[in-house]
Every structure is written in C-alpha cells, then in structure tokens.
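Here the protein sequences line up with chains A and B, keeping their order. So that you can map any letter, position 86 of the first sequence is 86 in the numbering used here, and since no number is skipped, the others follow by simple counting. So that you can map any letter, position 90 of the second sequence is 180 in the numbering used here, and since no number is skipped, the others follow by simple counting.
Be aware that a few hints might be false.
As the list claims (entries may be wrong) - Sample of chain B residues at the chain A side, in silico, Cβ under 8 angstroms: (1) Arg101; (2) Ile131; (3) Lys135; (4) Ala143.
Hints listed in this document are in silico derivations from the structure and should not be mistaken for laboratory results. Cβ atoms here follow ideal geometry from the backbone N, Cα and C, with glycine treated the same way.
Below are the chains, spelled out letter by letter.
Number of protein chains: 2
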Amino acid sequence: MSTYKIEVIIRNKKVARDPEGETIYKELIGRSSYASEIKGIRSGKWLLFEVEADSLETALKDVEKLCKDLRIFNPVVHEMEVRPYQGGSA
Amino acid sequence: MSTYKIEVIIRNKKVARDPEGETIYKELIGRSSYASEIKGIRSGKWLLFEVEADSLETALKDVEKLCKDLRIFNPVVHEMEVRPYQGGSA
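Looking at chain A on its own, in the form it has when it is part of the complex (with noise of 0.2 angstroms):
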C-alpha cells in the first residue's frame, strides 16, 4: 500500500455557462491592462486526496468512483478531471 495525491477538478460543462469565471473576465481582466493578453477564463473547484491504494490505477478509479457515489460533483452539469498530482508541497 502506497500513499498517492489525486487531485480533482470539477466545473461546469460548458453547455452550462460560467457566471464565476465571466465576472472575473470581464470586470476584472477586462478593465486592466492585461485585456489584450488574456483571452478567456474557466472557474473550477480543486481538490487533493490523499488516497492510501495498491497502485496509481486504483487511487485514480477510487477517486473517482468516490466523487461520483457521494455526489461531490453533479453530473448534469459539471465535468470532472482526475489526475495524479504533481504539483509542489501541498
């Protein structure tokens, strides 16, 4: 048994509209001076298990079936990412 850190991404699909990442466009980038650069913004919620499993494979599918038996995300609406987690000292 190993520890992994799965991190989850959920936000809405994109028939769905954004309104989070909208404002953050518009209000805020659109009026700086960083309009020109930036070309569009997607708002997301982040989560990092931290999963004890036999290999990756099995923390990746426990992750997800997780997410999906709680109802930690809404399939109607949201879309969801599961990958290993790379990043620094979380």
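Since the structure of chain A is provided, determine the placement of chain B on it from the hints.
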C-alpha cells in the same frame, strides 16, 4: 504569438485552516465506506487562463503577475500554483 492554456490553483496556506476540505473529509468521507482509504483532503479554487503570448514562459509569468496585480489571490493567507494545463477539452 501562440495561445497557451495556463491553470492556476489557489488554496489556503497550510498554516491557515481549510474548513471546506475538513468538512468534506470529516462529514462526507468519514461517514462513508471510503473512510479508511482516504487520508486527507484539501480544497481550493481552479482557474484556467487562455493567454496569448510569445512563449510558454512568458504566459506563465504573465498569469502569475496578473493574479498578484489584480489580487485574485491574497498572498497573506493563500498559496498559488501556476502551471501549463495538460488536461482534456477545457
């Protein structure tokens, strides 16, 4: 000029607490059949920037500067990760 997708994770520093992550961990995971497998959770905000820049390095640097300038995160309590987005069809 190319378009780069840069993702930003903003989360509470470890010295600050993470009430959302703690609640998901204790109240949701802790009462489920996944309790023994999951050792911890951290929560945060995910933002995806579409940036027009000369190089990936410039794009990363500009997004980091933007987040500081426009106070998208609060350096006193938050830590930020800025990295190229390698995910799916976002």
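**Asked** Would the hint on Ile131/B stand, with a C-beta cut-off of 8 angstroms toward chain A?
**Response** holds (6 angstroms)
**Prompt:** Does Ala143/B pass the interface check with chain A, least Cβ-Cβ distance below 8 angstroms?
**Reply:** Since chain A brings a Cβ to about 7 angstroms from Ala143/B, closer than 8 angstroms, the hint holds.
**Asked** Does the CB of Lys135/B sit less than 8 angstroms away from some CB of chain A?
**Response** holds (6 angstroms)
**Prompt:** Hey, does the Arg101/B contact hint survive, CB to chain A under 8 angstroms?
**Reply:** At about 7 angstroms, which falls below the 8 angstroms cut-off, the nearest Cβ of chain A leaves the hint on Arg101/B intact, so it holds.
In this structure, none of the earlier numbered hints is contradicted; all agree with it.
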